[in-house]
Amino acid sequence: MSMRPFLLLFLVALSLPAAPGYANPAAPQVEPAALFEKAQAAYVEADYAAAERAYRTLIAQGHSTSEVWYNLGNTLFHGGRLGEAVLNYRRAWLLAPRDADSLANLHLAAQRTGATLPTPGWWSRYAHEASASEWRFIMLAGYWVLLVAALVAVLAPALRRFAKPVITAAALAVGLGAAGWSYWRTWHRQPEAVVLHGEQTARYEPRASATPYFSLPEASIVRIEDTFDAWMKVAAAGKSGWIKRSAVEPVYPWQPVEMR
Amino acid sequence: MRIATDNLRQWLATLAVALAAFTAPAQQVVLDVQPRTLRLNETAMMKLSFVDVPMQQAPALPDIPGFQVQFVGQETQFQIINGRQQHRLSYNFRLQPLATGQFRLGPFTLTVNGQNFDLDAVMMEVLPPAQTAGDGQETIDDLVFARLSLPRTELYLQERFDVELSLYYRGVQLDRNIQLQNLPSTGLNLDEFQELGGSRENINGELYEVRRFRMRATAMTAGTFTLDPMVRVHVLVRRESSRDPFMAFDAFFGRYEAQPLVIPAEPLAVNIRPLPTDGRPGNFSGAVGQFTMDLKVQPTEVTVGDPITLTVTITGHGNLDTIAMPAIELGDDFRRYDPKLIASGPQQRVFEQVVLPRTDQLSTLPPVTFSYFDPQQAAYQTIVRGPLPLLVKAGGATQPHLVQAPAAASTSIRQPLGIDIIGPKRAPGTWATATEPGEAIAWPSPLHLAPVVALMAALVVQRRRDALDRDVSRRRRAMAPRSARAAIREAEAALGTNDPHAFYAALWRAFADYTAHRANLQAGEVSPDLILRTFAGGLPAHDREELGMLLAVCDETRFARPSGNPDASRLKQHLQSTQELLRACERISVS
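Chain order of the listed sequences is A and B. Take 1 as the starting number for the first sequence in our numbering and just add one per residue. Take 1 as the starting number for the second sequence in our numbering and just add one per residue.
These aren't lab readings, by the way, just hints derived from the structure by calculation. On a predicted model such as this, the values are computed, not experimentally measured, just so you know. The beta carbon of each residue, even a glycine, is placed where N, CA and C say it ideally should be. Keep in mind that a hint or two might mislead.
What the hints assert, rightly or not - List of simulated lysine to any residue pairs, SDA-like, C-alpha gap at most 25 Å:
1) A:Lys239 with B:Met220
2) B:Lys340 with A:Lys233
3) B:Lys340 with A:Leu103
4) A:Lys38 with B:Met220
5) A:Lys239 with B:Asp191
6) A:Lys233 with B:Met456
7) A:Lys239 with B:Thr218
8) A:Lys164 with B:Gln27
9) A:Lys164 with B:Met456
What the hints assert, rightly or not - Short derived list, chain A residues pointing at chain B, Cβ under 8 Å:
10) Phe77
11) Leu117
12) Tyr143
13) Phe162
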């Protein structure tokens with residue numbers, strides 16, 4: 001049996017998007033490289049407002065790469081908007097979790113505001129070694145290699161001794177990839193958000209007169225647990241409380257999240 | 001390396017504290033009398049304890065006015081506290097009051113082995129004997145009640161204070177377990193309550209046993225809050241007598257039972273005020289209480305770039321756990337590391353900050369300033385330590401340094417070192433629309449099931465192939481239609497070339513090979529009779545006749561080679577009949 005159809009099918013399957021990406025169709029399409037260069041030039045000239053506009057245009061056109069989020073974070077940092085800077089550094093990190101630069105800048109910005117960042121455990125540290133799409137690729141590539149090798153082993157008994165180590169390695173890749181991928185799926189079920197402005201007070205209940213529970217400095221990274229009207233229940237440092245929804249913005253999706 | 005040094009320093013500090021505790025002199029004499037309030041017909045116990053003081057015999061006590069003193073015995077106790085052995089010898093005396101009133105015992109001075117120990121005076125109160133048989137007007141509220149007390153009822157936000165609850169009872173027995181209920185859930189943050197101990201008190205001529213409890217509280221929100229806790233206790237009452245023949249077992253299970261009783265304490269309103277904005281220092285960071293600050297700097301003689309360690313100790317009462325490193329205005333003359341909290345306790349917090357002088361033009365270390373709000377004074381207080389003298393020398397010859405050309409040096413500008421963000425990134429390699437994280441977490445396309453389906457199919461095929469390899473008759477059964485089809489194709493070819501000999505030879509092979517495979521026989525073993533016998537039982541009569549006729553024609557043509565032109569339509573009819581007969585034979589099972 002020829003392997004060529006399976007190879008073709010594998011490549012097609014891996015390249016299939018599961019959902020359409022976010023892009024603003026109304027935005028006029030400008031050559032992204034030129035726009036990026038324009039943003040860089042504005043940044044170098046300390047024209048941070050122009051740089052921010054250019055980076056945001058790139059994002060609106062669907063070019064929401066790690067580099068664009070990171071550079072937008074730098075632009076906002078210089079503009080003194082530390083909460084928004086941390087939000088964009090976190091978005092850059094989400095797409096490229098091994099990028100030490102976005103983490104370093106994020107920590108520096110959070111340190112300036114006195115915000116406490118989440119401390120990842122060993123399981124999170126493992127999953128942060130790759131992005132969700134990378135783990136997914138490892139898992140699916142391992143899956144295809146595993147099944148094709150198993151097919152070879154079934155149909156061509158003479159090749160079984162070559163297929164066995166390939167099957168073992170591929171099964172390992174599937175296991176590791178699935179573990180990392182499932183972490184990111186869990187992460188997306190309770191996404192993070194960043195406190196954008198000032199120091200926010202988390203309250204016991206979703207009303208302005210409720211008793212304050214704890215405070216969240218600007219640039220604090222919290223987990224979204226629930227929403228209710230104009231309020232959002234967030235968790236940070238082992239505590240959960242309600243803050244105004246307008247005070248935070250989710251790290252992902254890039255647009256505000258709706259729950260319930 | 002620096003972390004290792006810090007750890008070593010903390011460990012040495014802990015060791016020093018432990019050694020200090022171990023070697024500290026602990027000789028002392030303690031006088032205690034319980035109860036200190038009693039009735040004339042009761043007795044009190046006086047205990048004179050000698051801690052790590054060698055004693056040969058009981059001390060002789062002076063006359064104590066109003067009491068008759070009787071020695072009742074001694075007890076010895078060994079304890080190991082923080083690795084140090086402690087010996088405690090206690091002499092017990094019974095005090096029998098001789099008259100009612102208030103009495104003062106002591107103060108005493110005790111001389112043991114030439115060493116004097118001062119003992120504080122103890123106040124005692126002796127009441128007349130209790131009146132027997134009450135008038136029946138007393139309620140449970142007279143016998144058991146609770147009182148709440150606070151240091152002040154006007155408090156400030158973030159102030160730490162003690163809430164004290166006293167439980168009074170007389171004439172009833174309570175078990176040890178109590179619960180506090182109806183504590184405020186907002187505005188105040190209350191720690192777990194702890195029992196302080198017991199005593200007796202004379203209230204309106206009645207002697208009450210008192211149990212005291214304390215909670216540490218923090219004012220979290222401005223406003224007025226009412227504390228009205230309920231105390232749940234268990235009163236021990238004697239079981240009612242029973243005619244149960246097994247009542248003797250009551251001795252085993254206790255003759256008392258605990259009945260719950262909830263006692264409301266008198267409500268107390270607390271007004272929590274926000275911290276005043278007037279006079280608030282710029283560096284105030286939320287500390288509320290009474291604090292002192294100590295600053296240590298080491299070393300004070302350094303070379304440019306050498307680390308100087310500032311150790312700041314905040315001691316006192318208040319919201320210590322929220323206090324951060326006090327402010328210090330270092331300017332650009334110092335490089336600084338982030339401050340670290342190196343020790344924290346209930347009344348102390350120690351910070352350490354390392355700074356490095358950048359220039360030898362410094363003579364002092366800037367002052368450290370700590371501001372807090374003192375709720376008792378109702379005012380902000382600021383503690384300043386420093387400036388402290390500092391001797392900074394220029395870098396030595398052994399220190400690595402850069403040498404710059406004189407011309408460049410004349411125009412060089414000293415740039416302060418610091419921490420900043422990492423610069424922007426270059427454009428990505430490709431500008432294809434980025435993959436969204438939301439896409440990456442979606443379940444993969446169903447197309448990924450294709451290899452699973454292929455694998456299942458391959459397994460089925462392989463299994464069938466293996467089964468045929470193991471079973472010859474089954475394999476030959478599967479081969480039978482194929483062999484017949486091959487022979488039919490040959491017959492069709494012979495029909496095309498108008499070769500009746502080859503045509504009927506092919507038809508014969510179709511029947512013979514088919515039958516050989518079906519009956520698992522060698523090809524040479526098959527004869528027309530065998531074919532008829534094999535399939536005749538399953539064929540209708542006209543098919544049987546047709547089959548016999550066809551086999552006879554095949555034999556005749558193969559061996560007799562008849563002359564003359566063959567009738568093509570007859571050959572076609574025989575070919576068609578052969579195909580139909582073989583299809584009919586396929587449905588017949590052959591044993």
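Status of each hint after checking the structure:
Of the pairs offered as hints, the one joining A:Lys239 and B:Met220 holds, with about 16 Å between alpha carbons and a cut-off of 25 Å not exceeded. Simply put, B:Lys340 and A:Lys233 have alpha-carbon atoms about 32 Å apart, too far for the 25 Å limit, and the pair is violated. With a C-alpha separation of about 22 Å, the suggested pair B:Lys340 and A:Leu103 falls inside the 25 Å cut-off, and the hint holds. Distance check on the hinted pair: A:Lys38 and B:Met220 sit about 51 Å apart at the alpha-carbon level, beyond 25 Å; violated.
Note on A:Lys239 and B:Asp191: the hinted pairing holds, with a Cα-Cα distance of about 17 Å set against a maximum of 25 Å. With a C-alpha separation of about 48 Å, the suggested pair A:Lys233 and B:Met456 falls outside the 25 Å cut-off, and the hint is violated. Proximity of A:Lys239 to B:Thr218 is assessed by CA-CA distance (about 18 Å); at most 25 Å being required, the pair is judged to hold. Only pairs whose Cα atoms come within 25 Å are accepted, and A:Lys164 paired with B:Gln27 is rejected, the gap being roughly 79 Å.
About 18 Å separates the Cα atoms of A:Lys164 and B:Met456, which keeps this hinted pair within 25 Å; it holds. The interface hint given for A:Phe77 is met, as the beta carbon of that residue sits about 6 Å from the closest beta carbon of chain B, less than 8 Å. A hinted interface residue such as A:Leu117 counts as satisfied when its beta carbon comes closer than 8 Å to some beta carbon of chain B; here the least separation is about 14 Å, so the hint is violated. Below 8 Å, beta-carbon pairs count as interface contacts, and A:Tyr143 has one with chain B at about 7 Å; its hint therefore holds.
For the restraint placing A:Phe162 at the interface with chain B, the shortest Cβ-Cβ distance is roughly 17 Å, beyond the 8 Å limit, so the hint is violated.
Checked against the numbered hints given earlier, this structure breaks hints 2, 4, 6, 8, 11, 13; the rest are met.
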